[in-house]
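Dock chain B against the given chain A, drawing on the hints supplied.
Number of protein chains: 2
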Amino acid sequence: MEHISFPPLTRFAICGGTHGNEMTGIHVVRQMEKNKVVEVEDVSVMTVLSNPDAIKVCRRYMETDLNRCFTSALLSAPLNASSPHEMKRAHELNALLGPKGSPDAVDLLCDLHNTTSNMGLCFILFNYDWIALHICKYVQSKSSYGTIAVIQLVVPDSESFSLETVGKHGFSLEVGPQPTGVVRADIYNMVMETLDLIIEWLQKFNSGCTFEGGEMEAFNWTKTIDYPRDPTTHEITAAIHPHLQDNDFKLLHPGDPIFQSFTGETIKHEGEAAYPFFVNECAYYEKKIAFHLAQKVSISIPSISMQKENA
Amino acid sequence: MEHISFPPLTRFAICGGTHGNEMTGIHVVRQMEKNKVVEVEDVSVMTVLSNPDAIKVCRRYMETDLNRCFTSALLSAPLNASSPHEMKRAHELNALLGPKGSPDAVDLLCDLHNTTSNMGLCFILFNYDWIALHICKYVQSKSSYGTIAVIQLVVPDSESFSLETVGKHGFSLEVGPQPTGVVRADIYNMVMETLDLIIEWLQKFNSGCTFEGGEMEAFNWTKTIDYPRDPTTHEITAAIHPHLQDNDFKLLHPGDPIFQSFTGETIKHEGEAAYPFFVNECAYYEKKIAFHLAQKVSISIPSISMQKENA
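Heads up: the sequence lines are chains A and B, in that order. The opening residue of the first sequence carries number 1 in our numbering; numbering runs sequentially from there. The opening residue of the second sequence carries number 1 in our numbering; numbering runs sequentially from there.
If you're looking for bench data, these hints aren't it; they were derived computationally from the structure. It cannot be assumed that every hint is accurate.
Stated by the list, open to error - Calculated lysine-lysine pairs in the BS3-like style (CA-CA distance at most 30 angstroms, straight line):
(1) Lys288/B to Lys56/A
(2) Lys296/B to Lys56/A
(3) Lys223/A to Lys288/A
(4) Lys88/B to Lys142/B
(5) Lys268/B to Lys36/A
(6) Lys287/A to Lys36/A
(7) Lys296/B to Lys250/B
(8) Lys56/A to Lys36/B
(9) Lys287/A to Lys56/B
(10) Lys250/B to Lys34/A
(11) Lys36/A to Lys288/B
(12) Lys36/B to Lys288/A
(13) Lys288/A to Lys268/B
(14) Lys250/A to Lys223/A
Just chain A, with the same shape it has in the complex (with noise of 0.2 angstroms):
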């Protein structure tokens, strides 16, 4: 694959507190906003807490997932009295941080996510962002906390929902288990070095450096199971199985337990192979999420670097 030049990555946006209960990014960005981080060589580095409404009763949010409410659509359609908080503040947020797919929108954009799923430290992403790609490949190289895995959604771009999707170039940084109102150190530890490569990253762009191309992974989405469920009261009849609990990004084969129902009996997986995520995440009940499936793919990602001035 050939070589793509960018534009240089000055702007960079790092949120917290999409989601009201998800603690490690609302304390991260409270603390660089003490440390009054705004300016790293080059790049000027500002920090937004999404939701402060969520943040303060500690819920995901107040209406609606924020986080569903940033496709094109949404963000173009006229608010009005009744709109949800959450549609509210999304438009201040894209009136803030984009607007999406304009000029003036911020170069880079990293939401800071927690799951009660077992992921470890990982970036979801839309639609062979090349950029967004690169920043994965070093952070894994760099990273002192193992296997970093990356998740891609695929998907027309009028459907892209997320606060990410507001920047140039986005992902979210997703961290895991940690439960929804707990904050954990060893988490937040590794959010921040984190947040250091891909500051470290954003430097070397700025200052000319060529970022090799190669094969690098992915996994990309597939598809979602839910929950088997009572057919007049929607509640839940199983729970996620103890051989899937735990096991996410471990390849599930088709007759593998998925559930085990709350009289006992194991439910087995039917599909083709596949690799689970998000397993048992708490805000997804509502959502009719047991878990993800992905597809791994092997992504070839060209070889970057910063455009030339009047290149």
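Here is chain B on its own, set in the frame of chain A:
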């Protein structure tokens, strides 16, 4: 210590959802209700979902923590229109399962809880309740789940505040780590097995078995440690230190790390050696509790059996 005899223990109440986001008890109670578990050889089993409104929205409580509403003073104070939702519910539960301290109260009350702390399965009880302690001992000897701690709160009876104190005898079954809003099959299985063992013990007791006394180990609560906080905003400025995180019930010595501040400094334990528990429980941030401390004690429990009629 001499022998003590007690009246038969025929009325057993199992409560779940006292905290509406602690999912094991909610699913256990729902499943027992589906199975129509109501009478098992001389023991009538009553199941209760304690806080249905909080369960519906998957929150700990609506207005105030239900599990702090059961002191004699609060239960005897008149309700009015502005009484918190949970205070009203406490009066209803006291009428259903108590009244506390009266001959009409259920014989045994087991309240099912989860914690985000790494406490495994443990019992929490008040003030040398011999029946409760004998049941703990029985479960410890029969359970397939390894070490089971017993935590005792020794306080004036008038200050005992939690739902299980409405029964003539009682305890909380506290199991973790499990994030709020999540049900884990392994923890569900653990609680189901424990309830079977408790019912088995009650049947043996009611059929006239004598249970030998002896020494048993418990953790007597001594004090509470809060997070370091910003004096102005009262926000926490540190997280539980990685050396303490997940190490509930492991002896903490003076000088051992207990917190890591968000700027990276280590804060050490300054008091006497003690056993920490409820380390990083999510619901305790607002209560200003980072962890509890206990002393390990040996309790001499008497042998017990059922009172013969007219004895």
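Here is what the structure says about each hint:
1. Restraint check for Lys288/B and Lys56/A: the C-alpha separation of about 16 angstroms stays at or below 30 angstroms, so the hint holds.
2. Note on Lys296/B and Lys56/A: the hinted pairing is violated, with a Cα-Cα distance of about 38 angstroms set against a maximum of 30 angstroms.
3. About 12 angstroms separates the Cα atoms of Lys223/A and Lys288/A, which keeps this hinted pair within 30 angstroms; it holds.
4. Distance hint between Lys88/B and Lys142/B is unfulfilled; the C-alpha atoms sit about 39 angstroms from each other, more than 30 angstroms.
5. Between the alpha carbons of Lys268/B and Lys36/A the distance comes to roughly 27 angstroms, so the proposed pair stays at or under 30 angstroms and holds.
6. For the hint linking Lys287/A to Lys36/A, the alpha-carbon distance of about 38 angstroms lies beyond 30 angstroms, and the restraint is violated.
7. Using a Cα cut-off of 30 angstroms, the hinted pair Lys296/B and Lys250/B holds, with the two alpha carbons roughly 11 angstroms apart.
8. Annotation: proposed proximity of Lys56/A to Lys36/B is violated, straight-line Cα distance about 42 angstroms (limit 30 angstroms).
9. With a C-alpha separation of about 15 angstroms, the suggested pairing of Lys287/A with Lys56/B holds against the 30 angstroms cut-off.
10. Straight-line distance between C-alpha atoms of Lys250/B and Lys34/A comes to about 34 angstroms, which puts the hinted pair past the 30 angstroms bound.
11. Restraint check for Lys36/A and Lys288/B: satisfied, since their Cα atoms lie roughly 28 angstroms apart, inside the 30 angstroms limit.
12. Of the supplied pair hints, the one linking Lys36/B and Lys288/A holds, its CA atoms being roughly 28 angstroms apart against a limit of 30 angstroms.
13. Restraint check for Lys288/A and Lys268/B: not satisfied, since their Cα atoms lie roughly 44 angstroms apart, outside the 30 angstroms limit.
14. Pair hint Lys250/A plus Lys223/A holds up; C-alpha atoms about 16 angstroms apart against a cutoff of 30 angstroms.
Going through the hint list in order, the structure does not satisfy hints 2, 4, 6, 8, 10, 13.
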